[in-house]
Amino acid sequence: MNKEVFNKQAANVLVWLLLLAMPYWLPAIGGYIELGTRVVVLGLAAMALNFLLGYTGVLSFGHAAYFGLGAYGAGMTVRYLVPSTGLGLLVGTVVGAVAGAIIGPMIIRLRGVYFAMVTIAFAQVFYFIAFRWSTVTGGDDGLTGWTRQPLHLGFTTIDILHNPTAFYYLVFVVFAVAIAIMAWLLRSPFGRTLLAIRENERRARFLGIPVDQHIWISWTISCAFASLAGALYAYVNNFVDPRALYWTQSGDFVIMAVLGGMRSFWGPLIGAAIFVTLQDYVSSQTENWMSFVGLFFVLVVLFFPRGILGMIRRKVAS
Amino acid sequence: MTQVVLFNVFNGLIVGAFYALMALGLSLIMNLSGVINFAHGGFLAIGGYLAFALLPYVGFWGALILAPMLTAVLGLFVERVLIRRLYGRDPLYSLLLTFGLAFMFEDGTRFIWGAQGLPFQVPGWLLSPLSTDYFFLTGYRLFMVLIVGIAVAGLFFILNKTRLGIRIRAGTLDLETVSVLGVNVRILRNMNFGLGIYLAGLAGVLAVGQLGLQPTIGSSLIMPSFVAIIVGGLGSLPGTLLGGLLIGVASGVTTVFFPSATEAVMYVMMAAVLLVRPRGLLGEEGRF
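Line by line, the protein sequences are chains A and B. Here the first sequence is numbered in the numbering used here, starting from 1 and rising by one per residue. Here the second sequence is numbered in the numbering used here, starting from 1 and rising by one per residue.
There's no promise every hint is true.
[Stated by the list, open to error] Covered stretches of chain B (chain A as the covering partner; in silico rule of three or more C-beta atoms under 8 Å from a C-beta of chain A):
hint	region
1	63 to 69
2	107 to 121
3	242 to 254
4	260 to 266
5	274 to 280
Hint data in this document are derived by calculation from the structure and do not stem from the laboratory. We put the beta carbon where it would ideally sit given N, CA and C, even for glycine.
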């Protein structure tokens with residue numbers, strides 16, 4: 001086993017161990033379990049976005065739409081249909097994925113800034129629907145009157161509402177499955193083709209790869225995982241409000257991916273950990289947290305454009 | 001009924017004129033520099049608040065002239081210090097940077113002037129209705145349309161008749177050649193950015209006269225400007241103008257018949273345009 005492969009495997013093991021043991025070490029260093037849960041959920045959303053951004057080379061700035069659709073899908077299923085955690089996750093994911101699949105054909109031919117602009121504008125439609133259709137969605141006040149439901153596993157029932165550790169492990173399991181699927185997809189011929197499109201779209205096209213179709217599939221997969229993250233996010237808060245769909249939320253996902261490193265698999269998770277922790281801290285200290293978040297965006301762009309993992313990798317290589 | 005429809009069409013035109021003014025600035029910057037300026041709404045808000053701050057000293061007319069200029073100066077500065085570093089890089093970075101700036105501007109105005117809405121006094125004689133049948137036809141509304149018209153005419157004059165404008169248009173088509181021909185592209189982009197921000201500042205002054213001062217005024221107006229650009233066609237300034245007016249009127253008309261879809265209708269239009277004509281109504285073929 002050469003050194004590079006060894007480093008990669010060691011990093012994978014380290015990440016999984018840290019995530020698995022989160023409820024034990026995080027409170028010890030001054031955090032709390034809900035913070036860890038939020039990091040994992042938003043990390044999943046950022047990694048879903050990075051499937052498109054980092055591995056297909058398509059700049060989506062509207063992922064909050066699918067994240068929010070997942071959140072509303074899960075929340076409304078539990079609130080109105082069946083009080084089932086699993087079904088909520090399923091419905092949330094399917095709703096977001098279907099919306100993505102429908103919008104996909106309208107946008108996949110666009111590139112670069114144009115793609116970014118159209119995705120962000122489309123995301124606003126869902127925001128206004130959630131905002132205006134207040135009889136069903138609760139409008140500006142958000143979707144309330146429900147909580148996450150106990151998990152029935154057949155042989156036992158787990159109370160995830162009052163036990164944050166149990167809830168964390170539910171999120172962790174969902175996260176692990178989603179990440180495994182994404183990693184497997186990226187390693188498959190399909191994933192390699194996406195990399196080829198990212199590196200040289202014209203060449204990929206000349207080689208006979210149906211580029212638009214690949215981007216559409218990649219987009220839909222990315223939307224599906226973003227909405228899965230959104231469904232989990234609804235459970236984290238026991239509440240959904242239209243801000244989960246607002247364009248600023250999309251920007252948060254992009255900055256997480258960039259901050260951690262778009263070209264690395266775990267980068268967005270690390271970006272999410274830093275961003276969520278920082279936002280949590282700053283908003284507890286000052287009313288003007290928006291300025292600090294904005295300043296953070298500017299500093300990341302100016303000083304860490306490759307992201308943290310990108311910088312480490314460069315240091316190691318040189 | 002006719003009155004209600006007319007009222008809303010006219011209202012839509014005015015709102016559309018704002019969108020167009022803002023979208024024209026965005027378009028200018030995007031065409032020449034490839035930067036989506038998310039902070040455009042923030043500049044608009046700053047224009048409005050500057051006018052508010054200047055009002056007691058220089059009066060309405062002074063504020064109308066000075067505030068957009070000061071906003072443009074701020075724009076020149078921001079371009080010089082921050083945005084210039086990102087030209088030629090992945091558009092992702094300028095997006096994120098201006099996104100951060102938008103946050104800072106919004107929070108900054110809230111910090112200085114407070115989160116509450118503030119009234120903005122326009123001269124009394126502009127506020128009185130001109131006709132009792134068409135009560136909505138106040139002087140200020142007509143005045144806004146007039147100013148937007150003058151600004152747009154001025155913009156197209158600059159672009160078509162002055163050396164700066166011709167260089168901007170040439171640079172939009174082929175910046176490298178313009179640079180080789182001895183034009184200082186750095187200054188050109190700087191001036192162009194300032195021109196775009198001037199329009200945002202002017203839209204800001206007019207908007208606060210109609211809507212009042214709110215720190216969130218910028219973030220609420222930026223998305224429709226994007227839609228205006230997409231509907232009108234990327235790369236085409238007349239298209240942007242048309243797009244802005246169209247979506248304004250469309251939301252005005254929708255207010256009459258289906259009020260809860262007022263904001264959503266422009267996105268439906270956008271989807272329709274993207275399906276039927278992906279380059280936008282007046283967009284150039286193959287540019288994006």
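These are the hints, each one checked on the structure:
no.: 1; hint: 63 to 69; verdict: violated (count 0)
no.: 2; hint: 107 to 121; verdict: holds (count 4)
no.: 3; hint: 242 to 254; verdict: violated (count 0)
no.: 4; hint: 260 to 266; verdict: holds (count 4)
no.: 5; hint: 274 to 280; verdict: holds (count 3)
Consistency note: the structure conflicts with the earlier hints numbered 1 and 3.
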